[in-house]
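Participant: Single-letter residue listing:
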Amino acid sequence: MSDFHNKMAPASDRPAVEEDHSPDAPLSIHDLTVAYHRKPVLWDIDLDIPEGKLVGIVGPNGAGKSTLIKACLNLIPTASGKVQVYGKPYGKQRSLVGYVPQRESVDWDFPVSAVDVVAMGLYRKLGWFRPVRKKHKEVAREALERVGIGHLADRQISQLSGGQQQRVFLARALAQDATLYFMDEPFAAVDAATERAIVTLLQDLKGKGKTTLVVHHDLATVAQYFDWVILLNMRVVAAGPTEEVFTQENLRKAYGGKLSLLAEAGHALTQADRG
Amino acid sequence: MNWYWIDTWIVVIGALTAIACALPGSFLVLRQMSMMGDAISHAVLPGLAIAFLVTGARASLPMFVGAAFVGVLTAVFTQWISTWGKVDRGASMGIVFTTLFAIGLLLIVQAADHVDLDPGCVLYGAIEVAAWDVAWTFSIGDLLIEVPRSAVVLGIVSLLNLVFVVAFFKELRISSFDPDLATTQGINAQLMHYLLMTQVAVTTVAAFEAVGSIIVIAMLVTPAATAHLLTDRLGLMIFLASLIGAASAFFGHLMALYIPPMIGFESTTTTGMMAVATGIFFVLAWLFAPRYGWITRLVLGKKLIKEKPVGAKPLKES
Ligand SMILES: Nc1ncnc2c1ncn2[C@@H]1O[C@H](COP(=O)(O)OP(=O)(O)OP(=O)(O)O)[C@@H](O)[C@H]1O
Ligand SMILES: [Mg+2]
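These protein sequences, in sequence, are chains A and B. Note that this note's numbering has the first sequence beginning at 1, numbered continuously upward. Note that this note's numbering has the second sequence beginning at 1, numbered continuously upward.
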């Protein structure tokens with residue numbers, strides 16, 4: 001896989017991708033429309049995500065943030081449009097893409113240990129009929145070590161706290177060693193320490209030239225954490241560098257009449273201005 | 001009361017049924033789809049009936065294929081109705097299997113004039129009869145061993161199920177735990193789902209004739225649920241489920257032999273008692289399982305509080 005990986009990974013001879021419609025952007029989405037039971041929830045999404053950015057996906061509940069990620073990963077059928085990862089359909093680039101789903105999406109009583117769950121990130125590399133071996137578990141343990149819960153590797157996953165479970169999911173994405181990551185609310189219901197830990201990890205990924213898209217709900221920290229922002233509410237309200245896009249006006253468009261949220265957003269902006 | 005060869009074979013047939021069922025059953029339980037076993041085992045009825053009407057013979061290969069096919073259809077229809085009809089999975093399963101079961105009963109009653117296919121036999125089976133139906137005989141020294149056909153069939157199905165679960169262990173694990181992740185890893189979770197359903201259908205059909213569908217439902221779900229209480233490791237859980245199922249077959253038959261005479265009855269159905277035995281094992285595990293048992297937790301509750309808490313360390317900053 002590593003040959004392939006090198007070819008696709010950030011190459012210095014490629015022109016810097018900013019706003020242009022580069023065919024080789026880590027993620028480029030064209031005219032994507034998604035519907036559940038014929039009711040559209042995402043309309044005409046057009047996005048080109050530049051390389052090496054930490055991207056926040058922001059929008060109210062039901063805006064279609066999770067749906068956008070699932071559509072990119074072929075987890076739900078799309079009505080129209082196409083999604084390309086480094087210039088090729090996602091289906092051909094699976095090993096380059098890591099996914100951290102929402103924590104509630106799995107049954108934590110399942111009889112697996114933390115290290116087993118992390119090793120699942122290696123299944124694609126392993127291929128059919130090949131069992132998980134010791135060296136794969138070693139990789140998984142290292143990933144758990146990196147997120148600070150190496151000592152909990154052999155615990156059954158229901159005996160972990162919510163924050164620790166979130167770290168297991170992050171470790172799984174790390175073990176996969178992707179170049180493009182989708183994370184659905186990794187900060188949901190974690191304490192301040194875990195939040196800081198995750199931010200450090202995200203920055204670390206960015207430092208390695210990886211592109212990460214993160215669904216985020218806390219408007220107060222958007223400007224602080226992300227260098228790129230997608231404001232979403234069924235359509236892309238705005239997308240671009242945080243300082244250009246994360247404005248009062250755009251937030252009003254994205255959040256509509258939800259006043260309490262707007263007040264929060266205003267607070268966030270003043271904080272961002274100060275910081 | 002004496003123990004005859006036939007008793008050994010009854011237990012062997014029961015145990016093989018248990019093993020054949022525990023392998024896919026463990027995954028059904030973990031996917032919270034226990035009712036699917038129930039649904040499929042009822043829905044195979046029209047498949048059996050149609051194949052029977054077409055070929056005019058019992059226990060033939062077409063019958064087997066027909067029933068397995070309808071079993072898989074149950075899974076497909078259930079999926080369709082819940083996707084397109086805005087009905088949840090449980091409800092659409094109910095719609096599909098009661099409909100198919102009703103069609104099956106109708107067909108069997110229609111056919112009953114011409115042929116000998118008894119609905120009661122489909123539900124409760126006839127393990128005592130099955131044990132007499134010898135497929136081949138061989139001898140070790142002076143000992144003549146007559147292997148019943150059901151034991152051969154269920155032995156083959158157990159072996160196939162074992163090969164399937166071992167070969168696709170990691171695919172079954174990931175697609176049961178997190179189907180979305182499986183898909184991102186290039187493992188088609190939908191395909192694994194239908195493969196598992198096919199396995200359930202084939203197992204149900206293979207077992208129903210010897211032991212009836214009631215015991216199949218019990219053996220698919222109860223030993224696996226019991227084993228889930230006993231361990232946190234998937235491989236061990238499947239192994240324990242098989243073991244508990246086999247033990248239930250043995251104790252079930254013992255109970256069928258000894259308990260009715262004690263309370264003045266002639267005898268009872270062995271398969272019924274085997275189902276009861278799986279229930280007894282479940283209750284025991286529910287009370288005394290090492291970590292999750294109700295009584296265990298009461299007793300150990302105080303000790304656990306004293307255990308040193310282990311928190312998360314911060315991430316390594318590299
Ligand atoms: N499986 C589904 N079937 C039908 N409608 C769905 C389904 N999943 C999501 N929806 C609808 O699609 C819309 C977008 O949902 P989505 O989960 O993408 O929102 P979200 O932005 O992730 O919200 P949240 O912030 O609450 O996580 C919502 O209106 C939701 O009701
Ligand atoms: Mg969501």
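No wet-lab data here; the hints were simulated from the structure. Be aware that a few hints might be false.
Here are the computed lysine-lysine pairs in the BS3-like style, where the Cα-Cα straight-line distance is at most 30 Å [said to hold, decoys possible]:
no. : chain 1 : residue 1 : chain 2 : residue 2
1   : A       : Lys92     : A       : Lys135
2   : A       : Lys208    : A       : Lys135
3   : A       : Lys137    : A       : Lys125
4   : B       : Lys86     : A       : Lys82
5   : A       : Lys137    : A       : Lys208
6   : B       : Lys86     : A       : Lys39
Participant: If a hint holds in the structure, say so; if it does not, say that too.
Facilitator: These are the hints, each one checked on the structure:
1. Lys92/A x Lys135/A: Roughly 26 Å separates the two Cα atoms, so the pair holds.
2. Lys208/A x Lys135/A: holds (24 Å)
3. Lys137/A x Lys125/A: The hint holds at about 13 Å.
4. Lys86/B x Lys82/A: holds (27 Å)
5. Lys137/A x Lys208/A: holds (23 Å)
6. Lys86/B x Lys39/A: The hint holds at about 13 Å.
Consistency with the previously given hints is maintained throughout, with no hint failing.
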